[in-house]
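K.L.:
Chains as they are written, first to last, in the working numbering: chain A, 1 to 198; chain B, 1001 to 1373; chain C, 2001 to 2207.
Note that these hints are calculated values from the structure, not bench results. Note that the coordinates shown come from a computational prediction; the quantities given were computed from them, not determined experimentally. Backbone N, C-alpha and C define an ideal beta-carbon position, used for all residues, glycine too. Hints are not guaranteed to be accurate.
[Claimed, not checked] Mimicking DSS-like on lysine-lysine, the simulated pairs with C-alpha atoms at most 25 Å apart in a straight line are: (1) K1131/B - K2198/C; (2) K1201/B - K1285/B; (3) K1233/B - K1187/B; (4) K2010/C - K165/A; (5) K1025/B - K1076/B; (6) K39/A - K2198/C; (7) K1324/B - K1305/B; (8) K1233/B - K1268/B; (9) K1186/B - K1213/B.
[As the list claims (entries may be wrong)] Beyond 12 Å from chain A on every Cβ pair, some chain C residues (computed): (10) T2059; (11) A2180; (12) R2199; (13) R2200.
[Unchecked claim] Here are some chain A residues pointing at chain C (derived, C-beta under 8 Å): (14) P36; (15) P40; (16) V51; (17) P52; (18) L62; (19) I98; (20) V141; (21) Q157; (22) G183; (23) M185; (24) A186.
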Amino acid sequence: MNTKILLEHLYIVFASVIVSIAAGLPLGVMASLYRPLRKPILWISELLQTVPALALLGLVMLVVGAGKTTVIIGLLLYSLLPIVHNTYLGLETIDQGIKRAARGMGMSRLDRLFSVELPLSFPMIFTGIRIATVTSVGIAVFATSVGGGGLGSIINQGIRTQNMKLILSGTLTLMAMAVIFDGVMALIEKRLNKRVSA
Amino acid sequence: MIRFEEVVKKYGDAVILDQISFEIKEGEFAVLIGPSGCGKTTTLKTINRLIEPEAGRIYVEGKDIMDANPVQLRRKIGYVIQEIGLFPNMTVAQNIAVVPKRLKYSKEEIEQITRDLLDMVNMSYEEYAHKYPSELSGGQQQRIGVLRALAASPPIVLMDEPFGALDPMTRNVLQDEIIRLHKKLKKTIVFVTHDMDEALKLADTIIFMDQGKIVQMAGPDEMLENPASDLIKQFMGKRLSENGVNSLTAADFMKSHPASAYRSDGVKKSTQIMARRQIDTLLIKNEDETYAGSVTIGNIRKFGKQAQTIGEIPVTPNAVSYTKDDAADSFEKLLDSDSDFVVVLHDNDTIAGIVTKTSMARAMADALWGDES
Amino acid sequence: MTFFDLYGQKIITAIGVHFLYVLISVSIGFVVALVLGILLSRVPRMARFVLPLISIFQTIPGVVFIGVLFLYLGMKPVTVITALAIYAMFPILKNTYVGLMEVDASLIEAARGCGMSPLERLFEVELPLAVPSIIGGLRMSTVYTVSWAVLASMIGLGGLGEFIYIGIATNNNALIVAGAVPAAVMAVVLSLLIDLFKRRSVRKAGV
């Protein structure tokens, strides 16, 4: 097993999740703050996830060209839905009493958002990030098809050369990665939830 | 009709039913009551075998229910639960038809039954039969829940706190309806509740349970007169103390939270309060909450133009009682004075309530016949 | 000659093949998953380790299913369909189980109290109430399957993936678009159709 390929896969996943957060969080906040934007934002992020992954990567490649950037942009578009959706939901489900109290104390709209509402909805947002991360691990298999490398290259090579060992090593690594990310992040999620509900 | 012989139910080490035996006669309205965890609901659910006992026998219409197929048995016993449990995927008519359909009634028969039943609770077939439960109010849903239980005219109907989740007004109306249905249809009804008022109102026989045992089984009058234990006395609560009218105080008869205003309140605000509550006299308080007197609408008309605050308008003195005073005193004051009410004060001279002829009549009716008003 | 004269017929055939893969494998996956989901809901104790197992299986990328089956079954449509059907099963199985378990306990008690047999209870109360959840799973499965069916071409079995793969390999943008856009549209349209169906079934259930 090649460490370089493993790191490549991890890099693609991390980079795309970080960009997704950077893009998804503001979009989710916007969907919650501005009524007219709500439907288009939620609808477009849902639409993007419906598009087959390889097709999406192919289309991005038309614009950006082959390489890791294509993969990261593709995964960003794919990961948008859980992050946008959960940010929006998290903000929407904050207790009305807390919102009113914050307003009553004379906090400005932005102040309220950053010191009360976002911190309170963070566990929910984190769930979105977890879903995005685990999905990205799987989708990043396609990276190899658009010149992005990663574990997909091992699996593809295994299939081409009919090498079961190679396929299995690629797949098991991938599964382990997904399960570990999911488990660790679920654990963090549990602690976050405990803190907010306390 | 229903006979329990030494029935025992355990969950692990906990004994839920401790060798209980009793009999409910045909056409009887039996109410199981007791503190939570006393086994009343378990008793009910053993009758249609939703729960099966470890020992003892239960006979329905003379037959041991353990010999019957549970599914067939349940089709002959109506069942109503607190959560209502109407199937949200079926219309009102489909819900009512659940059991008749299984007993292979014809379509025409089922429709006729549905019409008749809806008619009995004054819901029109045309309007309601094809609605889904989510389109009905809570009270309407539970009416349908009861009708569903009655649809195949089972000789026995089991009801597990059926009105517990309804608001008091709806509960009252449904209680009246169930009394009417019972008189008309002559079913044997077994009804679980934790509300003694409900039990006294509905029951022919009350079965009081505690810790898996039957403490007393008696008619409502007998239980009121000779409660068998302190716990039953506690359940009867208020009613027993009201049996001796002499011990009653003004507080028992007053209407609390009467409309009032501070002396410093504006005249306009005060008249608005009076208009909203539809009263012609307003109680006035000093700033330290003590009672100052009352102002009539007549005096407001006469002096209101010059006055800024309600305190500037002359007050009318009223007859006054204290909460702990004997109720009889307040009645005398009420009947003697020209005023329509007697003001009841706490010991520190703040307002507790007023005794009016209406509040007095209501409390008397309460004491005599229960909270039916 | 324009692009369409050259590829028009081929694209239409590819769309048809792609759609058939999706239709057949989702149908098979749906039936199997529904049955398994119902059985699992009868023994919730087993679900405690079956469901996490399914979640782990779901992390296996579709490529692997197709790749491994290809090694054993060879280059046949049945390889693709089997792989896709297995993959399509997971969301439906999970949602069927969850939908059935979420049916309110009081409704189950009411159904028992009304003298419904276990089967009647399942078909007249539990399944109808789980329909929205089951259809939600069906929608997920369908969208995934459209996506993974792209891989059929990886083992030379046609479908829209052929255009995407060749397009990417030869840097032919028109071919990528010719494969990607119909695949995207198919996924979106199917998902919208299922959503529509779900909304109607929910309204009918009055829940």
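K.L.:
Which numbered conditions among the earlier hints are violated in the structure presented, ordered from lowest to highest?
P.N.:
2, 3, 4, 7, 8, 9, 10, 11, 14, 15, 19, 21, 22, 23 and 24
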